[in-house]
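Colleague: Assemble the complex: chain E is given as a structure, and chain D must be docked to it using the hints.
Chain residues, written in single-letter form:
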Amino acid sequence: MPATSLHKLFASVVLAALPAFALIEPETEGMDAVTRDDGTFLVGSPTYSFDRENGAGGIHSESELWTPEKLRMRLLLNRLSGTPSWTPREPSMWLRTGNELGDMIYQDPLYDKDQRPDNRNPILEGGFRSPAFMGLWATARLFQVDHYSDNSKGVRRSQVDGDFSWFGENWPMFSTAYGGLGYTGHGVNASVLAGEEYVWLFGESSRWIPVHYSPRVEARADFWDLSLTLAYENAEYQNFKKKESGTRTEWNGSAYYHCGELCRDGLLWFGAGLQFRTVEDEGTVYTGLEDDVVVWPFAQLRLTPLKALSLDATFGVNNRDWLLQDSVEFKVGPMPRLGLILGEKNVAGTRLNPIADTEEYFDGDTISLAADGNMQMHELYVRAEDSLSLFRLGARVAGWIEYGAETFDTTGFVEDKMLTYRYGDVARIEEWIQGLSGEVWLGFDYGKMFSFTALGGYEHIWGPNREFEVSPVEYYAAFEGDWLLNGSFRIAHSLRYRSDARWNLRSPNPMVIKGDWYWDATFEQQFPKYGIFLTGTLLHVLSDEVLQTPNGSYDRLRFVCTVRKTF
Amino acid sequence: MDFVKALSRTLAVALVSFACSFAAETPAQDSVASPSDIAFSHVAVSVQGGEIYPWGDLLDVVENSVYVGMGLRYSYWENFDGILHFDYTYFKSRIKEVPYPGVHQAMGRLGLDWHGPQLGPVMFGGGFTCNWTRADGGDDKEYDRPGGTLVDNETEFGYFVHLNVPFLKYERVRVGLDVLWEELWTLPERSNMLSAGFYAEWRLW
Numbered sequence: 001m002p003a004t005s006l007h008k009l010f011a012s013v014v015l016a017a018l019p020a021f022a023l024i025e026p027e028t029e030g031m032d033a034v035t036r037d038d039g040t041f042l043v044g045s046p047t048y049s050f051d052r053e054n055g056a057g058g059i060h061s062e063s064e065l066w067t068p069e070k071l072r073m074r075l076l077l078n079r080l081s082g083t084p085s086w087t088p089r090e091p092s093m094w095l096r097t098g099n100e101l102g103d104m105i106y107q108d109p110l111y112d113k114d115q116r117p118d119n120r121n122p123i124l125e126g127g128f129r130s131p132a133f134m135g136l137w138a139t140a141r142l143f144q145v146d147h148y149s150d151n152s153k154g155v156r157r158s159q160v161d162g163d164f165s166w167f168g169e170n171w172p173m174f175s176t177a178y179g180g181l182g183y184t185g186h187g188v189n190a191s192v193l194a195g196e197e198y199v200w201l202f203g204e205s206s207r208w209i210p211v212h213y214s215p216r217v218e219a220r221a222d223f224w225d226l227s228l229t230l231a232y233e234n235a236e237y238q239n240f241k242k243k244e245s246g247t248r249t250e251w252n253g254s255a256y257y258h259c260g261e262l263c264r265d266g267l268l269w270f271g272a273g274l275q276f277r278t279v280e281d282e283g284t285v286y287t288g289l290e291d292d293v294v295v296w297p298f299a300q301l302r303l304t305p306l307k308a309l310s311l312d313a314t315f316g317v318n319n320r321d322w323l324l325q326d327s328v329e330f331k332v333g334p335m336p337r338l339g340l341i342l343g344e345k346n347v348a349g350t351r352l353n354p355i356a357d358t359e360e361y362f363d364g365d366t367i368s369l370a371a372d373g374n375m376q377m378h379e380l381y382v383r384a385e386d387s388l389s390l391f392r393l394g395a396r397v398a399g400w401i402e403y404g405a406e407t408f409d410t411t412g413f414v415e416d417k418m419l420t421y422r423y424g425d426v427a428r429i430e431e432w433i434q435g436l437s438g439e440v441w442l443g444f445d446y447g448k449m450f451s452f453t454a455l456g457g458y459e460h461i462w463g464p465n466r467e468f469e470v471s472p473v474e475y476y477a478a479f480e481g482d483w484l485l486n487g488s489f490r491i492a493h494s495l496r497y498r499s500d501a502r503w504n505l506r507s508p509n510p511m512v513i514k515g516d517w518y519w520d521a522t523f524e525q526q527f528p529k530y531g532i533f534l535t536g537t538l539l540h541v542l543s544d545e546v547l548q549t550p551n552g553s554y555d556r557l558r559f560v561c562t563v564r565k566t567f
Numbered sequence: 001m002d003f004v005k006a007l008s009r010t011l012a013v014a015l016v017s018f019a020c021s022f023a024a025e026t027p028a029q030d031s032v033a034s035p036s037d038i039a040f041s042h043v044a045v046s047v048q049g050g051e052i053y054p055w056g057d058l059l060d061v062v063e064n065s066v067y068v069g070m071g072l073r074y075s076y077w078e079n080f081d082g083i084l085h086f087d088y089t090y091f092k093s094r095i096k097e098v099p100y101p102g103v104h105q106a107m108g109r110l111g112l113d114w115h116g117p118q119l120g121p122v123m124f125g126g127g128f129t130c131n132w133t134r135a136d137g138g139d140d141k142e143y144d145r146p147g148g149t150l151v152d153n154e155t156e157f158g159y160f161v162h163l164n165v166p167f168l169k170y171e172r173v174r175v176g177l178d179v180l181w182e183e184l185w186t187l188p189e190r191s192n193m194l195s196a197g198f199y200a201e202w203r204l205w
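Taken in order, these protein sequences are the chains called E and D. Residues in the first sequence are numbered consecutively from 1, following the numbering used here. Residues in the second sequence are numbered consecutively from 1, following the numbering used here.
Okay, chain D solo, but in the shape it has when bound:
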């Protein structure tokens, strides 16, 4: 099954990356006292890309898809970073009755990452996500057909947790793996997806 293959491939890379990450240089900890001084004392921008795997019933609805995006990471407290991500993906439909070939999806995420010394360079975090979707084609007349609500804009919020495993660090640049689990507060059931991808991050200051 495509999905299982793709996922095992990604998890294998994740394991290797995780092992490498402990070998990579551990970033120096800030020792600034006040949280307001720590906030934005470091800022990094990133580009990222990878694959998204629909979970549960959604496996029957859309195919795995590739995502690309950019991000911002800023120091918030000691051992905590704030993160802001904007990603884009295109989900191809698996269901023939749906009156369009696929769906554009833009994702905005805001959250916090914890990078305590116990995890080495690995970061663990979570936050809120906002996903905007719109069908690639179709019109209002097809609203009552399967998938018809997506011919208009649809937006849903949810939360995510993720593991960020940096495995390469060179001066201001850091490369790593990001494995993310997301649940959207959709109805009639919640929607879950897993994504795994790589990022390259450049520290501005």
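Next comes chain E alone, as it looks inside the complex:
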């Protein structure tokens, strides 16, 4: 399938954001936080994680910040998530299953009830996308990740009527099925998908909110450099225990004109778009959007006066908010691998995610999800990389300052069995926060056969860190290796350590996530001639079973296997 320019643009952004990490797939798209530790990556559920790269600048996580590249991500309350993905895959058919390791099977009768470990949960996925016939293709997919569902299950299952999923009785954090048709050819890539979905959103109150999309319909169309998206969602809300129910009918979408490949080489490129959401709430819906509508026009500009110098700016504004993200980069040497980059970037605005809901309603409290005033973040960075024979050596140093950082003003807590919820409002830290970070890496590449990278990073942040939602990780080290034996057997592994991180505002006492070692490994038999790939992946082998987020579920050793046949 010829990739459209938007796909390429998204892919280039994703690739640029990722360092040379081992190619280990997590359970599903968008759960990248599972396989990364080059910063603060804390996973509480497939639908909620804190993901902040070392030296990213500012104290927010990446999923909290709106960018044009995230137009087709899912909006889960006020964060943009790659999970559950509604992006059609490449033509192929696939099956995937896995389990958090540690079901008892025949060990069960040997232990008393109180000695039994919690039951472990699987993942399940199957799907296909047909080859194109006259450009037309069909796709269908059913997937759910039951991992990370145990700890909060006791509370969550009383909130809903029935199993709240397509399969099983684990009350997974999402369970999705959809099918649809598409067309690819002559610069056009279009699809319409319709499905039914169960999702648990994580509120700013720290409670889990069940949403049943029935149906959810999403249409996408890329015409050369124009990308259109339109989604219809009939979202059902409920609290079975309290006999509450409500419905949100939502239309959302975007139109985005962006620069194609040709104009990107030019002196000036320009992009513009508009994203919107309109909602109609009936009954009890636990969040609200001011005026029931948000329209977010934005523009992008890139100026390249010299080949080595580029200026980028993205600006959006509407009646409630504005957001500016810009950068200046000066590059020397044969990019992207080797050379020197001097850069400066800024983020400033009234809200990191201006398309999100503006209020959450919890237990008689109205939580404002938008703070007054604005934030600003400025970062200077230097990145250098060079190679000697088969070796690569690189380093990056960054310093940043932030004022008006988004945080949460907690006014009280309430307990619900083992979960803790909070009252308050999204607020700002009206002080300057400063950060200094550095990273060094050493790589070794032997053609396609072997690649190894060792890297270490450090970051120190000065400021009122007890007011941060999360005090980020200070240092980490990682050893990554990829082998491709005989061009057909792939082994990828990643051994990592990260230091402590701390949640400050979601429980009466801060929750420290202790530093730990993680080891992931993927083994894959490949049959490129036949397009067959058999993959087994072990995730989080060495780490302790801990909660990484408040009200999340245990992070456990797990195994995932996939059979895929490409067309």
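In case anyone wonders, no lab produced these hints; they're calculated from the structure. Just so it is clear, CB atoms sit at the ideal spot from N, CA and C, and this is done for glycine as well. Among the hints, a few may not be true.
What the hints assert, rightly or not - Derived, one-sided and incomplete: chain E residues facing chain D with beta-carbon distance under 7 Å:
id	residue
1	L101
2	G102
3	I105
4	P109
5	P117
6	P122
7	K529
8	G536
Modeller: Relative to chain E, chain D alone:
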């Protein structure tokens, strides 16, 4: 003890088979250069059956059981085959408190076999296994009783290593012995089992 008897019987057969295997015709080695040409240049299907012996503490939980299944073997690299097995067995419970007479177990295995010239026709390999279990009877109300978690579906992954000893070869058909050790990543302890059985394999191409 049943288990020791059964195991010694199987090991005796294994030894004889192993000796026979060197007398059997050694399969011709492929001399194709590219791994992508070797992949699937040979494919064989098989049926198999034998006995599974629980190990360690599991001896007190379930009886030895008979398994049956089918398999697929395909050339992957020179001296390496890929294998895919689907087996079924039924474990009878030894513990009276368990609210069902036995457990259905389906096993899927994916791995690689090495058949270098140093081993003659014998193949040695390993891979990942996925075992699905469900109690034969019982209901959700009995979840808290011993063995109660199995009244719902339970699945666990693990790894296996095995020795494959072909001792009879006639045209496209090969018959042999398969001795397999498996460890499942269960909790509170890992679960180990040994199995020994025979297979008949028919090479499709």
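Colleague: Going through the earlier hints one by one, which of them does the structure break, listed in rising order?
Modeller: Hint check: nothing fails, all pass.
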